[in-house]
Amino acid sequence: MKKETARTLRAFAIELTIYALLVVAYFFLVLNLLGEWLYRLEISHRYTYAGLAILLIIGQAVLLESVTTFLIRLLRGRSE
Amino acid sequence: MFFPISGAHISPIYLVIAGFIIGILGGFFGVGGSFIAGPALRLVGVDWNFAVGTDLAHIVGKSAVAVRRHRALGNVDLKLGLVMALGTIAGAEAGAQLIQMLKRAGNVNLVVSIVSIVVYFSISVFMIWESQKTLRSRKGRSQRGLVKGAKSKRDHSAFDPVTRAIQRLKIWPMIALPASGIKAISLWIILLVAFVGGLFSGFLGGGAGYIRMPSMVYVLGIPTHLAVGTDLFEIIISASYGTFTHAVKGNVDILIALVMHTGAAIGAQIGAISTQYFAGPKIRLAFVPLPLIGAAIVIYTLFTGHKL
Numbered sequence: 074m075k076k077e078t079a080r081t082l083r084a085f086a087i088e089l090t091i092y093a094l095l096v097v098a099y100f101f102l103v104l105n106l107l108g109e110w111l112y113r114l115e116i117s118h119r120y121t122y123a124g125l126a127i128l129l130i131i132g133q134a135v136l137l138e139s140v141t142t143f144l145i146r147l148l149r150g151r152s153e
Numbered sequence: 087m088f089f090p091i092s093g094a095h096i097s098p099i100y101l102v103i104a105g106f107i108i109g110i111l112g113g114f115f116g117v118g119g120s121f122i123a124g125p126a127l128r129l130v131g132v133d134w135n136f137a138v139g140t141d142l143a144h145i146v147g148k149s150a151v152a153v154r155r156h157r158a159l160g161n162v163d164l165k166l167g168l169v170m171a172l173g174t175i176a177g178a179e180a181g182a183q184l185i186q187m188l189k190r191a192g193n194v195n196l197v198v199s200i201v202s203i204v205v206y207f208s209i210s211v212f213m214i215w216e217s218q219k220t221l222r223s224r225k226g227r228s229q230r231g232l233v234k235g236a237k238s239k240r241d242h243s244a245f246d247p248v249t250r251a252i253q254r255l256k257i258w259p260m261i262a263l264p265a266s267g268i269k270a271i272s273l274w275i276i277l278l279v280a281f282v283g284g285l286f287s288g289f290l291g292g293g294a295g296y297i298r299m300p301s302m303v304y305v306l307g308i309p310t311h312l313a314v315g316t317d318l319f320e321i322i323i324s325a326s327y328g329t330f331t332h333a334v335k336g337n338v339d340i341l342i343a344l345v346m347h348t349g350a351a352i353g354a355q356i357g358a359i360s361t362q363y364f365a366g367p368k369i370r371l372a373f374v375p376l377p378l379i380g381a382a383i384v385i386y387t388l389f390t391g392h393k394l
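Quick mapping for you: the protein sequence lines, in order, are chains U and S. For the first sequence, the numbering used here assigns the number 74 to the initial residue and increments by one for each residue that follows. For the second sequence, the numbering used here assigns the number 87 to the initial residue and increments by one for each residue that follows.
Hints listed in this document are in silico derivations from the structure and should not be mistaken for laboratory results. Quick caveat, the model's predicted, so the values are computed rather than measured. Any given hint could be a false lead.
[Stated by the list, open to error] Straight-line Cα separation of at most 20 Å, SDA-like style, residue types lysine to any residue; simulated pairs: (1) 335/S <-> 121/U; (2) 256/S <-> 169/S; (3) 335/S <-> 125/U; (4) 165/S <-> 267/S; (5) 368/S <-> 169/S; (6) 335/S <-> 169/S; (7) 335/S <-> 79/U; (8) 335/S <-> 87/U; (9) 335/S <-> 112/U; (10) 165/S <-> 247/S.
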């Protein structure tokens with residue numbers, strides 16, 4: 074049981090590190106590419122911005138969920 | 087890091103950590119976590135209107151992740167979630183109108199503060215009583231803390247007789263919820279529960295999962311695991327609606343929400359997976375501090391005059 078817990082914790086730590094690296098890269102990509110454009114959109118086209126905001130957050134949710142699921146499978150060799 | 091839409095300077099690490107904590111709470115308890123997210127944004131200087139709107143956008147993303155995970159575990163009743171979304175949106179509008187009325191009367195802060203303190207304390211006291219009574223009554227049986235599989239999702243509550251009486255009310259139209267193990271229940275009761283949740287959401291802010299999740303368990307008789315997953319599914323719909331209306335009013339900084347959500351995405355998965363290892367009454371007992379935290383924040387703002 075202890076061995077299994079240690080293995081799970083180790084897999085989780087690796088998963089978190091890989092995830093953190095991906096997230097940092099993602100920050101620079103998204104915030105640099107989209108930041109200024111979204112700011113201008115928010116000022117000039119509120120309804121488009123409102124719709125796009127929901128699409129962006131749901132899109133990111135699906136993308137990140139896929140990434141974390143992939144990492145879990147890769148590191149633990151099975152689906153949770 | 088500078089966020090041009092809200093004009094705030096915030097460390098992205100702070101946002102990711104805050105999102106992570108809120109994600110765990112949301113994935114485990116089926117709540118949006120607005121009572122923590124709002125003050126967490128306010129703490130770093132985000133204006134209150136942006137804190138509310140951005141929090142809603144972040145809740146949409148976080149709930150979407152948790153719902154995908156809960157769905158894989160068989161914890162989402164889509165039919166119930168869609169029906170409840172209708173009642174929630176209507177309730178949220180009614181709550182917002184009530185706020186406008188109180189604004190005009192000039193006593194909105196005092197009334198909302200007192201109502202929220204009473205509601206938060208009542209939920210906590212009731213859930214302590216119910217979950218402890220349920221856990222005590224289960225002691226004689228051969229129940230283990232670790233639960234897995236569909237059968238273990240059927241949990242017991244000390245409030246069961248009242249729940250069964252509510253389910254027996256024949257107010258047409260009756261609908262079946264096979265995913266939740268309910269043969270027939272009045273549509274109006276579901277809509278009423280959703281409406282009350284929406285009313286509190288519109289009146290007190292946030293997704294009001296702190297009231298909807300317990301109501302689903304105690305009033306509708308939904309097993310706790312399914313109530314958590316279905317509540318999150320329903321939150322996606324109602325919070326999307328809230329995000330849209332707030333974004334149109336210029337209250338959403340989607341860049342903050344996106345950064346915060348990167349932490350919440352992994353936290354929500356951890357929270358959702360963790361529900362497999364706890365029995366329903368234990369989840370409900372662990373839920374108790376959440377409304378109390380909300381009450382503590384309101385008492386603080388009421389007595390000091392500061393908004394966190």
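Against the structure, the hints come out as follows:
The suggested pairing of residue 335/S with residue 121/U holds, with an alpha-carbon distance near 12 Å, which does not exceed 20 Å. Note on residue 256/S and residue 169/S: the hinted pairing holds, with a Cα-Cα distance of about 18 Å set against a maximum of 20 Å. Under the criterion of a C-alpha separation no larger than 20 Å, the hint pairing residue 335/S with residue 125/U is consistent with the structure, at around 15 Å. Note on residue 165/S and residue 267/S: the hinted pairing holds, with a Cα-Cα distance of about 12 Å set against a maximum of 20 Å.
This hinted pair does not check out: residue 368/S and residue 169/S have alpha carbons roughly 28 Å apart, beyond 20 Å. Our distance criterion of 20 Å between C-alpha atoms is broken by residue 335/S and residue 169/S, whose separation comes to about 27 Å. Our distance criterion of 20 Å between C-alpha atoms is broken by residue 335/S and residue 79/U, whose separation comes to about 49 Å. Between the alpha carbons of residue 335/S and residue 87/U the distance comes to roughly 42 Å, so the proposed pair goes past 20 Å and is violated.
Distance check on the hinted pair: residue 335/S and residue 112/U sit about 14 Å apart at the alpha-carbon level, within 20 Å; holds. Note on residue 165/S and residue 247/S: the hinted pairing is violated, with a Cα-Cα distance of about 25 Å set against a maximum of 20 Å.
The structure is inconsistent with the numbered hints 5, 6, 7, 8 and 10, although it conforms to all the rest.
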